[in-house]
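Peer 1: Next come the chains, spelled out residue by residue.
Number of protein chains: 2
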Amino acid sequence: MVKFLRERFATMAPYHSAYLTEGVILNSNESPYSVPEELVAYMKERVGDLLVNRYPDTDSLELANAVAKVYDVKIENVVCGVGSDELIDCILGSTLEDGDKVLMPYPSFSMYSQFTQLNSGQMIKVPLKSDFTYDVTAIKEVVCKEQPKVIFLCNPNNPTGCIFTRDEIRSILEVAKGLVVVDEAYAEFSEKEISMIPYVNDYDNLIVLKTFSKAYALAGARVGYGIACEAVINLINTVRPPYNVNIFSQAIGTWAIEHRDIFLENARRIVDNRKMLEQGLRNLGLKPYPSEANFVWLTLPESVFEALEEKQIYIRKMKIEDSIYYRINAGTPEENNKLLEALKVLV
Amino acid sequence: MVKFLRERFATMAPYHSAYLTEGVILNSNESPYSVPEELVAYMKERVGDLLVNRYPDTDSLELANAVAKVYDVKIENVVCGVGSDELIDCILGSTLEDGDKVLMPYPSFSMYSQFTQLNSGQMIKVPLKSDFTYDVTAIKEVVCKEQPKVIFLCNPNNPTGCIFTRDEIRSILEVAKGLVVVDEAYAEFSEKEISMIPYVNDYDNLIVLKTFSKAYALAGARVGYGIACEAVINLINTVRPPYNVNIFSQAIGTWAIEHRDIFLENARRIVDNRKMLEQGLRNLGLKPYPSEANFVWLTLPESVFEALEEKQIYIRKMKIEDSIYYRINAGTPEENNKLLEALKVLV
Numbered sequence: 001m002v003k004f005l006r007e008r009f010a011t012m013a014p015y016h017s018a019y020l021t022e023g024v025i026l027n028s029n030e031s032p033y034s035v036p037e038e039l040v041a042y043m044k045e046r047v048g049d050l051l052v053n054r055y056p057d058t059d060s061l062e063l064a065n066a067v068a069k070v071y072d073v074k075i076e077n078v079v080c081g082v083g084s085d086e087l088i089d090c091i092l093g094s095t096l097e098d099g100d101k102v103l104m105p106y107p108s109f110s111m112y113s114q115f116t117q118l119n120s121g122q123m124i125k126v127p128l129k130s131d132f133t134y135d136v137t138a139i140k141e142v143v144c145k146e147q148p149k150v151i152f153l154c155n156p157n158n159p160t161g162c163i164f165t166r167d168e169i170r171s172i173l174e175v176a177k178g179l180v181v182v183d184e185a186y187a188e189f190s191e192k193e194i195s196m197i198p199y200v201n202d203y204d205n206l207i208v209l210k211t212f213s214k215a216y217a218l219a220g221a222r223v224g225y226g227i228a229c230e231a232v233i234n235l236i237n238t239v240r241p242p243y244n245v246n247i248f249s250q251a252i253g254t255w256a257i258e259h260r261d262i263f264l265e266n267a268r269r270i271v272d273n274r275k276m277l278e279q280g281l282r283n284l285g286l287k288p289y290p291s292e293a294n295f296v297w298l299t300l301p302e303s304v305f306e307a308l309e310e311k312q313i314y315i316r317k318m319k320i321e322d323s324i325y326y327r328i329n330a331g332t333p334e335e336n337n338k339l340l341e342a343l344k345v346l347v
Numbered sequence: 001m002v003k004f005l006r007e008r009f010a011t012m013a014p015y016h017s018a019y020l021t022e023g024v025i026l027n028s029n030e031s032p033y034s035v036p037e038e039l040v041a042y043m044k045e046r047v048g049d050l051l052v053n054r055y056p057d058t059d060s061l062e063l064a065n066a067v068a069k070v071y072d073v074k075i076e077n078v079v080c081g082v083g084s085d086e087l088i089d090c091i092l093g094s095t096l097e098d099g100d101k102v103l104m105p106y107p108s109f110s111m112y113s114q115f116t117q118l119n120s121g122q123m124i125k126v127p128l129k130s131d132f133t134y135d136v137t138a139i140k141e142v143v144c145k146e147q148p149k150v151i152f153l154c155n156p157n158n159p160t161g162c163i164f165t166r167d168e169i170r171s172i173l174e175v176a177k178g179l180v181v182v183d184e185a186y187a188e189f190s191e192k193e194i195s196m197i198p199y200v201n202d203y204d205n206l207i208v209l210k211t212f213s214k215a216y217a218l219a220g221a222r223v224g225y226g227i228a229c230e231a232v233i234n235l236i237n238t239v240r241p242p243y244n245v246n247i248f249s250q251a252i253g254t255w256a257i258e259h260r261d262i263f264l265e266n267a268r269r270i271v272d273n274r275k276m277l278e279q280g281l282r283n284l285g286l287k288p289y290p291s292e293a294n295f296v297w298l299t300l301p302e303s304v305f306e307a308l309e310e311k312q313i314y315i316r317k318m319k320i321e322d323s324i325y326y327r328i329n330a331g332t333p334e335e336n337n338k339l340l341e342a343l344k345v346l347v
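One line per chain: the protein sequences are A and B, in this order.
Counting in UniProt numbering, the first sequence runs from 1 upward without gaps.
Counting in UniProt numbering, the second sequence runs from 1 upward without gaps.
Derived by calculation from the structure, the hints in this document are not laboratory data.
It is possible that part of the hints are untrue.
Heads up, the list lumps identical chains together, so a pair's fine if it works in one copy or across two of them.
Under the rule of at most 30 Å between Cα atoms (straight-line distance), these lysine-lysine pairs were calculated in the DSSO-like manner [unchecked claim]:
{"hint": "1", "residue 1": "Lys101", "residue 2": "Lys3"}
{"hint": "2", "residue 1": "Lys145", "residue 2": "Lys3"}
{"hint": "3", "residue 1": "Lys177", "residue 2": "Lys125"}
{"hint": "4", "residue 1": "Lys287", "residue 2": "Lys344"}
{"hint": "5", "residue 1": "Lys69", "residue 2": "Lys3"}
{"hint": "6", "residue 1": "Lys101", "residue 2": "Lys338"}
{"hint": "7", "residue 1": "Lys74", "residue 2": "Lys177"}
{"hint": "8", "residue 1": "Lys192", "residue 2": "Lys317"}
{"hint": "9", "residue 1": "Lys74", "residue 2": "Lys3"}
{"hint": "10", "residue 1": "Lys311", "residue 2": "Lys69"}
{"hint": "11", "residue 1": "Lys145", "residue 2": "Lys311"}
{"hint": "12", "residue 1": "Lys3", "residue 2": "Lys177"}
{"hint": "13", "residue 1": "Lys140", "residue 2": "Lys125"}
{"hint": "14", "residue 1": "Lys311", "residue 2": "Lys44"}
{"hint": "15", "residue 1": "Lys3", "residue 2": "Lys140"}
{"hint": "16", "residue 1": "Lys287", "residue 2": "Lys319"}
{"hint": "17", "residue 1": "Lys140", "residue 2": "Lys69"}
Being a predicted model, the structure only gives us computed values, none of them experimental.
Kindly produce the complete structure, drawing on both the sequences and the hints.
Peer 2: Here's what the structure looks like:
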């Protein structure tokens, strides 16, 4: 065990991951498209007059204001973070006493359990149904029985692509005494009206998390935000590190949300690419599960993963219980075709 | 109390701070000089080809490599963070069990106690001597008696400007069973050889923290690093959030460390400005304490603070026990003169 490490972290290992910049990269749910030329031009123009020698605005007010305007909420309803990851950590850090229960459907975004462990919480995983859709009845039963301090609902779900309807989320909110975190990182890709943002002020235990990493193609900038009633925003601000979002990411995020039409159009293009990918996979006899996000979830014959990697085609491999599944995000049509061509001889 | 908030955080309030962009800003120990023109030109050139749509390298390897090269250590001896703040949090988060003791001299950097409280530790403050120099004997006594899990030594000290000699730090390292964090955020401004970086591999309980926010004039980029033996770096990497440093800050930090001569020259200029400020203050009958950093520490007549603020001259006010002190960082000669002119009629 690493010297000085807390005993309860003994099983944890330092996290590392290769930085891929070449090949067909379909393993991180990133946008296959570069940022818009207009944004590059804007940054070239701004970079000289940003006050880089000064600490950034600790409250990211310009960005928060732009977010508030788009969603028709008050600036007091918004908090910005280093991706939504940091906000997940702040939510858990501000609320969890040692051993407190946290609920997540399973499988879902791995950082929920990672940050729960780091914040000394105890994760309760409620399995998805066998068709990888949410089991709302089971979730509500566990919520009523255990009353977890925090409940994570990823909508659409990473890595399976399934969704909750608004009514389903409302029904969970109504039985939950704890904080319900609705993570809408992928909501721009859904063709259904699922966002809970219009309802944040109707609940004192709801927060919606959003990120610029997916539909806005800005994963490299590491910026996200949360929208909730003012009391929940204050909760996060009590533990949020000062000056958390750097000045470049604040500027880029602000530009992006003010030009969201460009990105939403791109998101629709990515959904088309996902549909093309789904059809191509089905043509090969594969069975991707229905998805409302920018990726698909499926099983593949063994050895495909390694064979693809040899061709510099990267997809995500995940072990769920005793089975192996794969998550593949939509690439450009060209990238999708490279993947499908490669799969043709492998499946 | 904020709903859902952990009971032990009940006395904590959301942190906010005004974002100052105009006036004479001498309250945050920032550089009064903009970033070098060469860096602006570099960023304009790079911003179009940075892969902003991809997650950044989770290990900031390019930056870590540049840091390792400059300090003649291995890349395994380096970890990068969102300022050194994030690394302080990771050090405490990876080591502290509930109620574990942490030591800091007092006054020193406020984030040591802030992050200790957030990580459920118990802070022991060892007062500086009455002349605001470090009380090494007292520190060693408390270390031997309490054996804190983590010991923070800020060198030079923020906010007083005093320093430890290397021998003093070695003598603390030799009696400490816990992790000794030497925060060298301001070391570039010291005219003495104080850095412990050359000795990180001689100790399994030493880590040196560095930031780009001070001598490198990059506070807005929020990037810092830690240098330690590999085991201590692994400790931090066990809890460090993935993809913590965004792609812009990684690129800028890398450029900065590779062009450190530009910044070190600037640091010398800032030290000259501090000396000019000290002399000016003494000419007014004020008594700044000796400083090895880019700021001075002193008492001022009451009401000066508000009077300066009315003239848009910002300095830092701090309450230590029952007395009020002020920390003023060196500005440009012009800014120093504005402050000194204003003080002339106030003291």
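Peer 1: Tell me, please, which holds for lysine 74 and lysine 177 at an alpha-carbon limit of 30 Å: within, between, both or neither?
Peer 2: Close inside one copy (25 Å), not across copies (50 Å); limit 30 Å.
Peer 1: 30 Å Cα cut-off: does lysine 101 pair with lysine 338 within a copy, between copies, both or neither?
Peer 2: neither (44 Å within a copy, 56 Å between copies)
Peer 1: Could you figure out if lysine 3 and lysine 177 sit no more than 30 Å apart (CA to CA) within one copy, between two copies, both or neither?
Peer 2: between (39 Å within a copy, 11 Å between copies)
Peer 1: Given a CA cutoff of 30 Å, do lysine 145 and lysine 311 count as a within-copy pair, a between-copy pair, both, or neither?
Peer 2: neither (49 Å within a copy, 60 Å between copies)
Peer 1: How would you classify lysine 3 and lysine 140 at a CA-CA limit of 30 Å: within, between, both, or neither?
Peer 2: The answer is between: 22 Å across copies meets 30 Å, while 42 Å in one copy does not.
Peer 1: Treating 30 Å as the Cα threshold, decide for lysine 311 and lysine 69: within, between, both or neither.
Peer 2: Neither, since 45 Å and 34 Å both go past 30 Å.
Peer 1: Which holds for lysine 74 with lysine 3 at a C-alpha limit of 30 Å: within a copy, between copies, both or neither?
Peer 2: between (47 Å within a copy, 20 Å between copies)
Peer 1: Please sort lysine 140 with lysine 69 into within, between, both or neither, judging by C-alpha distance up to 30 Å.
Peer 2: Neither way: lysine 140 and lysine 69 sit 34 Å apart in one copy and 55 Å across, limit 30 Å.
Peer 1: My question is about lysine 140 and lysine 125: at a cut-off of 30 Å on alpha-carbon distance, are they close within one copy, between copies, both, or neither?
Peer 2: within (13 Å within a copy, 47 Å between copies)
Peer 1: Could you place lysine 192 and lysine 317 in one of the four classes (within, between, both, neither) given a Cα distance threshold of 30 Å?
Peer 2: Within one copy only: 28 Å inside, 53 Å across.
Peer 1: How do lysine 101 and lysine 3 come out at 30 Å by Cα distance, when the copy is not named: within, between, both, or neither?
Peer 2: Cα proximity of lysine 101 and lysine 3: in one copy and across copies (28 Å, 17 Å).
Peer 1: State whether the alpha carbon distance between lysine 287 and lysine 319 is at most 30 Å within one copy, between copies, both, or neither.
Peer 2: Answer is within; shortest intra-copy Cα gap is 18 Å, inter-copy 66 Å.
Comparing the model with each numbered hint stated earlier shows that hints 6, 10, 11, 14 and 17 do not hold.
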